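**Q** Sequence:
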Amino acid sequence: MLPHEAIPAGPAVLRLPVEGDADEIARACADPEIARFIPFVPSPYTRDDALAWITKTVPATWENGGADFLIADAATDRVLGAAGLKPPDRFGATEVGYWLAPWARGRGVVTTAVRALAEPAFARGVPRITLHADVENVASQQVAHRCGFAHEGVLRGAGAPRGGTPGDIAVFGRLSTDPGDPIAPLLPFFPGGFPGGSLTDGVVRLTPLTTADAADYFALASLPDVTDSSVPPVPPEYADAEVLCRYAGHRWLIGQRADIAIRDAVTGEFAGEIQLTGVIPPLGQAMLGYSLHPAHRGRGVVTRAVDLLVEWAFAATPLRRIIAGTAPGNTASQRVLERAGFTREHLVKGLLPGPGGTRLDDIQWARTRA
Numbered sequence: 001m002l003p004h005e006a007i008p009a010g011p012a013v014l015r016l017p018v019e020g021d022a023d024e025i026a027r028a029c030a031d032p033e034i035a036r037f038i039p040f041v042p043s044p045y046t047r048d049d050a051l052a053w054i055t056k057t058v059p060a061t062w063e064n065g066g067a068d069f070l071i072a073d074a075a076t077d078r079v080l081g082a083a084g085l086k087p088p089d090r091f092g093a094t095e096v097g098y099w100l101a102p103w104a105r106g107r108g109v110v111t112t113a114v115r116a117l118a119e120p121a122f123a124r125g126v127p128r129i130t131l132h133a134d135v136e137n138v139a140s141q142q143v144a145h146r147c148g149f150a151h152e153g154v155l156r157g158a159g160a161p162r163g164g165t166p167g168d169i170a171v172f173g174r175l176s177t178d179p180g181d182p183i184a185p186l187l188p189f190f191p192g193g194f195p196g197g198s199l200t201d202g203v204v205r206l207t208p209l210t211t212a213d214a215a216d217y218f219a220l221a222s223l224p225d226v227t228d229s230s231v232p233p234v235p236p237e238y239a240d241a242e243v244l245c246r247y248a249g250h251r252w253l254i255g256q257r258a259d260i261a262i263r264d265a266v267t268g269e270f271a272g273e274i275q276l277t278g279v280i281p282p283l284g285q286a287m288l289g290y291s292l293h294p295a296h297r298g299r300g301v302v303t304r305a306v307d308l309l310v311e312w313a314f315a316a317t318p319l320r321r322i323i324a325g326t327a328p329g330n331t332a333s334q335r336v337l338e339r340a341g342f343t344r345e346h347l348v349k350g351l352l353p354g355p356g357g358t359r360l361d362d363i364q365w366a367r368t369r370a
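In UniProt numbering, the protein residues as written are 1 to 370.
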């Protein structure tokens, strides 16, 4: 598929590993993040494991038509990671894989390495390259987008077991006919990235939901008045809350929805949640929803959160119109929307599912970009 020669990759170089790299490879692969997301990496990872990869795995990959390279610093030759292409399938397609040492992250090394592998592979007739990433491995999914790989779906239960349950795998693909340009996210992450980015006005702080928020999110969604205003109005299951939080970064990255925690800006306490869903790119439209813990109500917290989120959406995304819906009797939510600059537009009869098979009316609101 590719020649054995070293391939320049910006500040790095892709070269064959040698036994002298074993100590640094072992040190890099002892990182918990690598063990968490790459199922075939032994844990704990030893020097003997590194030597087995160098002397057995790498030659076998090449012998079967694939390619395995070490990523090394172009100036110092220090180990930065590894990247390779699997042996081609019967149609000639392949899959790219990589790992990066903790000391090499945040420098664009993997993005450059993946591009350095993909371009010559396509030039030699490879029709398609697939990239798999755990749904929680948002950094790897961002690499896919930066390298022009389009999101294609999720393989449920196809990843490394975590807590006895197989993980889910996000699938990205690039064809030889694709332009390969970086794919800009419809919904960029908050300043600071994922998961640490945030928006704040000094009173409230908005942060992306993560798996660490699952218990708080479930407790909030289980409150009777929150359940009653949910669609559909049924008590949540903890497993569903956990999935929503686990998938939050992935769904945000692919522009499907943004699920966000509302926090006290001073204490960091979880106060509620707010989300943008129902994203329709051709219309530049998304739907707003929110709920707040009773302990934080009556202080304008939701109004602040709504205003922060909408202002960010109009400044940082192509969205031009944010809509929301309230039941006719939900005057508290209606006051929130009015204070946040939303205008009441119309009443839709029988839109929402109610208890016992009933249907409820929905008052629809909107705020548009100036």
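By construction, these hints were calculated from the structure, which means they are not laboratory data. Here the structure is a predicted model, which means the values were calculated and not measured. Worth double-checking, as some hints may not be accurate.
Below, computed lysine to aspartate or glutamate pairings styled on EDC-like, alpha-carbon distance capped at 16 Å [as the list claims (entries may be wrong)]:
1. Lys86 - Glu63
2. Lys56 - Asp31
3. Lys349 - Glu338
4. Lys349 - Asp361
**Q** Now, for every hint given, state plainly whether the structure supports it.
**A** For each hint, the structure was consulted:
| no. | hint | in the structure |
| --- | --- | --- |
| 1 | Lys86 - Glu63 | holds (11 Å) |
| 2 | Lys56 - Asp31 | violated (22 Å) |
| 3 | Lys349 - Glu338 | violated (21 Å) |
| 4 | Lys349 - Asp361 | holds (5 Å) |
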